[in-house]
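> Chain by chain, the residues run as shown.
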Amino acid sequence: MLESWHLLAEGLVAASQPSVLAAIMVGAIIGLFIGALPGLGPTAGVAILLPVAVSFDGTAAIAALGAVYYGAQYGGAVTAILLGIPGDASATMTVIDGHKLARNGKAGAALGLSIAASFIGGLIGLILLTAFATTIAQAAIAFGPIEMTALMIFSLSLVSVLGGRDLNKAMMSLFAGLFIGTIGLDPMVGLPRFDFGEVRLFDGIEFSIIAVGLFGLAEMYATPPSIGKPQEKNRFRFRELLPDVRGTLQCWRELGSGSLIGFFIGILPGAGATAATMISYAFAKRTSKHPERFGNGAMEGVAAPEAANNSAAYGNMIPMFALGIPGSGTTAVLMGGLLMIGLQPGPMLFQTQSEFVWTIFGSFYIGNLALVAITIVLTPVLATCAFVRPSYLFPAVIAIIVFGIFGINNAMFEVALVIGFGVLGYLMMKLDYPPVPLVLGMILGPILERGIRRTLVASDGNVAVFFQSPIALVIILITVVLLVSPWLLKNRAGKEHQMDEPQAKKIG
Amino acid sequence: MIPLRSFDLGLSAIFGLLGLYMIWQGSGYGYQEGSVPSAGFFPVWIGAGLALFSALNFLKVAKQSDLLGSVERMEVVRVGLVSLALVGFVLLSQFIGMLVASVLLMIVIGCIFGARDARSIAAVSAIAVGMAFILYLVFGVVLAIPLL
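Protein chains in written order, with our numbering: chain A, 1 to 508; chain B, 509 to 656.
Hints are computed from structural coordinates only; laboratory data are not their basis. No experiment lies behind these values; they were computed from the predicted model shown. Every residue, glycine too, gets a C-beta built ideally from N, C-alpha and C. Hints may be right or wrong, so weigh each one.
Stated by the list, open to error - Output of the computed footprint for chain B on chain A, the stretches with three or more beta carbons under 8 Å from beta carbons of chain B: (1) 180-189; (2) 279-286.
Claimed, not checked - Away from chain A, derived, C-beta distances all over 10 Å, residues of chain B: (3) Met509; (4) Leu528; (5) Ala570; (6) Lys571; (7) Arg581; (8) Phe603; (9) Ile604; (10) Gly605; (11) Val649.
Just chain A, same shape as in the assembly (with noise of 0.2 Å):
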């Protein structure tokens, strides 16, 4: 555990060179303001970055990547307190009492208690990412090609919960992103797949192409124009934006109690920072002396789920740098951006690349620590942010992105693609097939084809070989309850609710 630390200094001060600072800088700064707007989420934040980030240098580009990631946790609070508008899902828990301090005449107070709430959840979910990415990893040091294959499968199996209400589509999303991580040259043999005669498909499909097409463009598409007009004038004095000490200080309980659900509901897959926000609210509000409060422009109430979601955004990276398991659509697109500059997460990333993780959760924690004094200055900036129309930022957002994927290998093709995957973005949204199933089988699904076919070769065609070694093992138990485990929880609750019909109809 010692070691960890040292290594964590040592990545403070690779993570202080100007380039890596620079980026940080800049991240946060995008960062608060994807937060920040309506229409715009991290995922789609972090995704329309990464084919520009990654023509940067490669750590200079993960610092970057990430601290548009949690820059947007900090950023969506300041639209929620000061117009009830939140930037982004997680910050909708803080529309409820944050934005009642604000019209209350505290909006000041609620602001310094949001950054400061973050801040705390960012570092508490920081301390917890240092202890427990490094055990986890070398825990899972010990997995061979067989287990790792187990747990690739495992991932897969999370469709379950990152797939949204209907497994079917969820299923279909997954198969189809597998189909995509199909294409270009057979890794074993290769001979091409799925390549359609373009010889510009060898390589297969750039994952910032989906990324940005899924996640940037189809979220474009789908926002209505009327957003950012000014349906109520807010006005406030500057003096008024300035944090309240005391009150924060007050504040102790829910800000620890906040951070450690955040960043436990963070490392579940597919919980995510909007679930966490929610239970530590709840959490809160059923410890709390008065209740009655919540509701009303509590500053518990923003306290906790501010610090709840700064944390789960730690959490959630647990699962991605120490496992190569992404456990969401930002961590996803962020493991894209991973794959992108050639690094595969995973355990071993911590053993042959340790300078460049520790680098990484260095600047982190730089990032967490210049977000408070970036959001304290540009919060005026910030505020006017949900009242910018549609029409004057989504033609600069577009060209950024077309610039970017035209960037990748200077043709024009990735754009056309990007056109494409754009429209597909868009109807999957609308038709309710869940994105992120489609990330993970274009990330993982190579990784397991690799798996399997090697194992199979070594193995002479004995797929028993999978059944026994006890890790991978226990992997594929847990990955069958995983799948079936919706469909008999539907079952019941189908049973039940048929059993209460009589009931309802008695008593009514």
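Take the given structure of chain A and dock chain B to it, following the hints.
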């Protein structure tokens, strides 16, 4: 308003056909060599899964007509127009260069997303010119990407 049901049926059919194509094409790559899997092994299984779940979804949507709502006609038109504008950008870039084409692209997209009066169009045009300059600096100068 356009009912989403027909879109869902269409997408399920396309995915289903894609699954069948994968099985056919995967078999062509070779499923097995001796006792070990070959290049078509994985595509065959993926194709089967895609075809199966697409068929299940197709049947589900076909049976229940009230599963999904509808989408505003204007929204679909907007998606089509933005896609067309992007296709136009791809084609035009070869002749007038990416920077000039991007200015036109941004103005058109601004109009599609609601800039209709002269003042808004002027604002979008100013943003477009400013943005093109920033894009030139970032991509053309800093990243040294040979822009068209």
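> Against this structure, judge whether each hint is valid.
Hint by hint, here is what the structure shows:
no.: 1; hint: 180-189; in the structure: holds (count 4)
no.: 2; hint: 279-286; in the structure: violated (count 0)
no.: 3; hint: Met509; in the structure: holds, 12 Å
no.: 4; hint: Leu528; in the structure: holds, 12 Å
no.: 5; hint: Ala570; in the structure: holds, 13 Å
no.: 6; hint: Lys571; in the structure: holds, 13 Å
no.: 7; hint: Arg581; in the structure: holds, 13 Å
no.: 8; hint: Phe603; in the structure: holds, 12 Å
no.: 9; hint: Ile604; in the structure: holds, 13 Å
no.: 10; hint: Gly605; in the structure: holds, 12 Å
no.: 11; hint: Val649; in the structure: holds, 13 Å
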